[in-house]
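Given only the sequences and the hints, what does the whole structure look like? Please build it.
Protein chains: 4
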Amino acid sequence: MSSAGLEKLRMTGAGRAIAALTSGGDAQGMNAAIRAVTRMGIYVGAKVYLVYEGYQGLVDGGDNIKLANWQSVTNIIQLGGTVIGSARCKAFTTREGRLAAAFNLVKRGISNLCVCGGDGSLTGANIFRAEWSGLLEELVQKGRITAETAQKHGHLNIVGLVGSIDNDFCGTDMTIGADSALNRITEIIDAITTTATSHQRTFVLEVMGRHCGYLALVSALASGADWLFIPEAPPEDGWEELMCARLEESRSKGCRLNIIIIAEGAISRSGEAITSNYIKDLVVSRLGYDTRVTVLGHVQRGGTPSAFDRVLSSKLGVEAVVALLEATPDTPACVIGLSGNQAVRLPLVEAVEMTKEVQRAMNEKRFEEAIQLRGRSFENNWSIYKLLAYQKPAAVQSEHSIAILNVGAPAAGMNAAVRSAVRVALASGHRVYIVNDGFEGLAKGADLRSFYWTLFPA
Amino acid sequence: MSSAGLEKLRMTGAGRAIAALTSGGDAQGMNAAIRAVTRMGIYVGAKVYLVYEGYQGLVDGGDNIKLANWQSVTNIIQLGGTVIGSARCKAFTTREGRLAAAFNLVKRGISNLCVCGGDGSLTGANIFRAEWSGLLEELVQKGRITAETAQKHGHLNIVGLVGSIDNDFCGTDMTIGADSALNRITEIIDAITTTATSHQRTFVLEVMGRHCGYLALVSALASGADWLFIPEAPPEDGWEELMCARLEESRSKGCRLNIIIIAEGAISRSGEAITSNYIKDLVVSRLGYDTRVTVLGHVQRGGTPSAFDRVLSSKLGVEAVVALLEATPDTPACVIGLSGNQAVRLPLVEAVEMTKEVQRAMNEKRFEEAIQLRGRSFENNWSIYKLLAYQKPAAVQSEHSIAILNVGAPAAGMNAAVRSAVRVALASGHRVYIVNDGFEGLAKGADLRSFYWTLFPA
Amino acid sequence: MSSAGLEKLRMTGAGRAIAALTSGGDAQGMNAAIRAVTRMGIYVGAKVYLVYEGYQGLVDGGDNIKLANWQSVTNIIQLGGTVIGSARCKAFTTREGRLAAAFNLVKRGISNLCVCGGDGSLTGANIFRAEWSGLLEELVQKGRITAETAQKHGHLNIVGLVGSIDNDFCGTDMTIGADSALNRITEIIDAITTTATSHQRTFVLEVMGRHCGYLALVSALASGADWLFIPEAPPEDGWEELMCARLEESRSKGCRLNIIIIAEGAISRSGEAITSNYIKDLVVSRLGYDTRVTVLGHVQRGGTPSAFDRVLSSKLGVEAVVALLEATPDTPACVIGLSGNQAVRLPLVEAVEMTKEVQRAMNEKRFEEAIQLRGRSFENNWSIYKLLAYQKPAAVQSEHSIAILNVGAPAAGMNAAVRSAVRVALASGHRVYIVNDGFEGLAKGADLRSFYWTLFPA
Amino acid sequence: MSSAGLEKLRMTGAGRAIAALTSGGDAQGMNAAIRAVTRMGIYVGAKVYLVYEGYQGLVDGGDNIKLANWQSVTNIIQLGGTVIGSARCKAFTTREGRLAAAFNLVKRGISNLCVCGGDGSLTGANIFRAEWSGLLEELVQKGRITAETAQKHGHLNIVGLVGSIDNDFCGTDMTIGADSALNRITEIIDAITTTATSHQRTFVLEVMGRHCGYLALVSALASGADWLFIPEAPPEDGWEELMCARLEESRSKGCRLNIIIIAEGAISRSGEAITSNYIKDLVVSRLGYDTRVTVLGHVQRGGTPSAFDRVLSSKLGVEAVVALLEATPDTPACVIGLSGNQAVRLPLVEAVEMTKEVQRAMNEKRFEEAIQLRGRSFENNWSIYKLLAYQKPAAVQSEHSIAILNVGAPAAGMNAAVRSAVRVALASGHRVYIVNDGFEGLAKGADLRSFYWTLFPA
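Line by line, the protein sequences give chains A, B, C and D. Those letters in the first sequence? Residues 1 to 458, per our numbering, in order. Those letters in the second sequence? Residues 1 to 458, per our numbering, in order. Those letters in the third sequence? Residues 1 to 458, per our numbering, in order. Those letters in the fourth sequence? Residues 1 to 458, per our numbering, in order.
These aren't lab readings, by the way, just hints derived from the structure by calculation. One or more hints might be untrue.
A pair counts as met if it fits within one copy or between any two copies, since identical chains are not told apart.
[Claimed, not checked] Dumping the calculated SDA-like pairs for lysine to any residue here, alpha-carbon to alpha-carbon at most 20 Å:
#1 K392 to T12
#2 K90 to S285
#3 K386 to I76
Now the structure itself:
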């Protein structure tokens, strides 16, 4: 945003009132977001209200909805959690609750709402927006507000900020809190590494992520973990052998410890949960290694936000206010996401829908698609993890190169014969070339393709 | 130790060989201890051998027992865990294993052994010392060593350093690793506090300590936890009500979170385990609070040692070498402990025995004694925790003072009547005075005693 | 990169040899980069050599250039600094030194070089590449290598990875180490905040960045600092008054501390250095506040890498190997940068040139351009910092709106009169409208423009 | 303190009022102390007032002196700095200021004062106590308080808690904040180690301690620093050569970095300041090593308190209240210190006097005495640092042993001859024995003493 652009914004918020709340699981950086929304709101001339205890505060009203000034958000950028609280709220899932919430907003002249939370919280906000005019009508009928008030605030503008340590929301590169959670996880893995090394132990570390493997994936990449379980990429059947073989190989080459990282929501190809204790028992029974399980738990969402999360949240919070100012009844509700280093607006409904689609893909065992739906960065991280975590068997172990070509009339079974010959040759470490078009192809030298048999797990 | 004293020590180790090993659970500071033993050993003119992988390395010999020089221990003081490894060793619990160990030592001319580990490891060292001459005799008989060698190294000097994050060893103020573990625990509690506050949650934190409540006690004190479970002081029967009442009271006064700390080995008065999940279920069912369990696990023994642990280990390691030099076949094996700020020598057998006595006291439900056996500092910490954790009901809540005196002939039931009257009066917040010797006592004004009915749990 | 794409890469490196070195100031994440280059190199079938002590190792050869295997880079991803060392190297700035370096590479069959360092180091690599064939020729003439060898390795492929905590390289969103340095800085600011608050102190914090204000800017944003000095945006003349007024205002509103962040290379509009001590003296003399300077120094590049830096370096390192494999004598040397979440290849020469252009812009006092050249993200951060750091005077403080229009024949001084009227009105908080085209314009209602007089510093 | 003992204390504070303040440089743990004093005060039935902004708040009164309740100090134990503020106060150094302070206390019925601060702050408190009755008299004369009030509060009880990161107070093992500062310093040294190692650099680290070398000494011990400068033990003349030789030797044995730690107040034998820049220039000019200075500054007193400091402060705070309750006009003012693991009372005046005596000893160049006055633990740490930091030249390098004895009539110059012979022999690495009483002594074999020529610096 240019200086001129910013200057133009000033006063555009005059007469407007914005309410901001945090909802769902807390995430480091939420306070920086609240600070940015508050101060940007004041900058553009609007009144900013902070809603305490999430949607519950919206329903309860009273002291839970407080007018903020510039100082209200001083010295909170460095704090973990959310200073305005968050809570599960059953009431808001009912129309009655939302009616109370609408009343609490409209009587303060508020028709702009910024919600920082996960996909559930944002979906809730969107329902509220859709119902808004109906809710106001009901309030008019009940004589709780005047028709004039209802008309003046006839439309509810909403904007979402994704606060979620899981980085599980499609369309944004990062959600608020994910970077801090990753730093917390890597600190703990680093700490555990010292004790694991001392004892030649295997550690099974369970990190958060019931539906999304992001934290597990990136922390495995960042710690060079030996094996990784994420819901998006269940291991091939027979993984137990492969994993134990890999751990054994790593030990045989001098490694004094093994780290296995597992997301809470890890599943097998058939969709059944893989638990950290199952893995531990497996390692103990097959390899006899001293193995421990550590469930990282809420430490992951605790502590101070990282520099990245503070900056990200500030950036998104500023954009959220601009989006609210520019919203019209016709623009769809939006979520502020990060694309590259820029704050961007995503259509809320589509982004939520796409996020749910990942889950559907996993439920329906379209795992490759699930990974793709997570986005290019997730996919890349997954590739890079696999590339760097363990050494693949040498593609070629012998000096022999074998060319295979079909000669004469085609016959049933030829393909199977070739396939079998290729496998055997590759397994013996030979290099295998496939010649198309028989001797003629060989003479031309075209289309000589080499084959490698992958032992890649995915 | 004075400069002159130190100078005198130089060369007293000439011709001696010292082996050092770490055993049992690793603890932050073990590397500082190994560094101190190695360098002090070299300073006094001795050869120092580092034994890798604990007792297993002693049994296996070969490359597991390496001559160290000054640089061998450079840049390890800041590392967590133990760079020379630690391991459980079944072999050393057999005479055969110890025979192999004795051979591996004696053939290198080593008859001084410094063991850094827990009470089990130190006990093992003492058995080894007692058997030493017999083991050498057997080695002579088997022709593996000469009688001359056996005679030259006829006595095994041992010294212990208590490496244990649990601070569970009697006679020393602190064991190696306990301070670092405490810092790790408080960091994690601080982090969890931010998320707990955001959600008004109750957290049940399980810290290490299967037999000793030190870590739980001190971390509760350091974090101002609402409630604490340690094996040495099981809660009074009916604690469930009391605890829930306390949590509720704290919330009613504006606290947004509750922290409950539980040692792994927490038990009830009847000796049954109290688990973190039992507590969680209790809070959820009785109070309906959003409650989470976090088991801290091996993070507690991970990471870099604190400044205190580095200094403590250096101090103890230096003294260990001096103790080995001054040991004679007649001096009992000793452990180097901390008393005040000074390294002191404790008789190994008695210290281990006293440590076991605490366990016996707990087994036999002599809980007050158990706390006393833990030492004055433990006792004090326990008192201070209780003083500062929660507000005791005001001793006096009313303006009325009531004096109770017995008049006339004594009768059965008088004591019970007085007791009951006192209780009722106190419960109503009145101040109660007891007058001895009836009206005569009242006239004299002597011996007017006030009573307070304690709600103190212990 | 797809699985299939990766699979195709396997063996394309067969027969190749890659050398990797770190140069210039160390940065957290360099080890992760070295690990990624090594393992990806092995994956594609190449031999990978690690060069110790930067370019000096290249010149010295011998044990400084070691063939690596998969295990060589195990357990280094979590380490700070660079395990293969870095050093200033005068020798490599001479042709003689580069001749020695060329010999050391070519005799090992190495003609692929990956350099992780700052822009100076990368420029050096590019000079080396340009001279390569000449150097080989000279080696042939001197009889040190055969003409055959020279021909076989006739071209040197180079690829750069930008390791620099300063994030001072154009074309990449982030350089290796910058995120970790930011986290270190914010940790320290957070710590200092506790003591500053206790004493109502002002802290002047000097962070690294002799030529680039990135670290200062982002840490100011992340900590909500009161004032910020960066070389790209020197303060307007008279900033001393403005700054002191701002600090005073903040205190008057209840803030107990002030944080001022200054980049090492901070300058005034006239290009002279602004030092942290100058600022301190200013605050003390004008405001009498207890003020302290803290120079963060090398702590900023110390300690373990953040999760982000580990992942970034892994990503870039993998791509670096692919770029080397795909390089031809005709492709220009490239640097691997980050764009969004993706690794991208930037032409080395242009990127270095653009980086230098920023410096030129600053030297020539084209400061706005300097900020733009730093990239959109830098510019945004700068805007957001200013938006959120301090409250701008209310654009409108009165209820009056004044319209100004010119009537009658134009006369000299009319513009000045209007300008003056606008300023006075705005200063009094009135809203001012400018009517174009006199009464006619007023009647039409078109082009009514409102004016705000900005107090914005930049 | 036993449960019974504690129970007895309850209500003994009824009718009493205690004020608590923090003064001087803030220290981590001060909040834990304030919490303990407040809650213990409430426990014993007293009213507790918190004084904000140190002595200035006492002088200013009004809202700076607030009645506290149990919740006032909830959730502060984990915070760094002091939540009730601290400030330099010129006013309190004047009788007028103290008169105002006395009035502010006495009108609230407060005649018990707990001061947490350094030796200057405690001395100020003692002056206040001595003047108290005179101040009250003056207030009576001026008609500001009644004679009755003056009589009722005729004596001011004071108790001190030493809050000082420097651990510079005689009589207590540890001052509040020192352990946290040490942990902060070692964390920073650990971080710098990674970058120093990468570049083979020498780092000169300046830590706090203008008059006391505690932090420098213990952090040198905890980090294995190569050289150490503390005010209590200035290096021998010619130290420049010795230091450079030591650094060089360490590098020659493979060390990639050197760490030199210097206390702010480091001096030479002649009492002149040794600065970190002087050392840097020395290393650069003599050895040509890449050398950097890092001044740690206020980070040392920043951040969260360590577990140790929280427990220490809680312990001392509880005892402070007990000491106030037990104080009489005749008991001298006391400071609560730590001895071993126990809180103990030290006479304030003597403790301050002894602390000043250390400074006098340094001023008068009685350096050995200065170290002794710091206490046995300081002395031990100093010995151990020297023992473990660098390798002393081998006491014996040859296999030869030489005995020296005097035979025949004594003659002038014999002692000099012996001395010279001993030195030459020792310098050649021989072992030297001194025989008393000529051949007769040799025959008896008594009193054979071996000599070692120390190269020990101190």
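Now for the hints, and whether the structure bears them out:
1. K392 to T12: Between copies only: 15 Å across, 60 Å inside.
2. K90 to S285: between (45 Å within a copy, 18 Å between copies)
3. K386 to I76: Between. Shortest inter-copy distance 17 Å satisfies the 20 Å Cα cut-off; intra-copy 39 Å does not.
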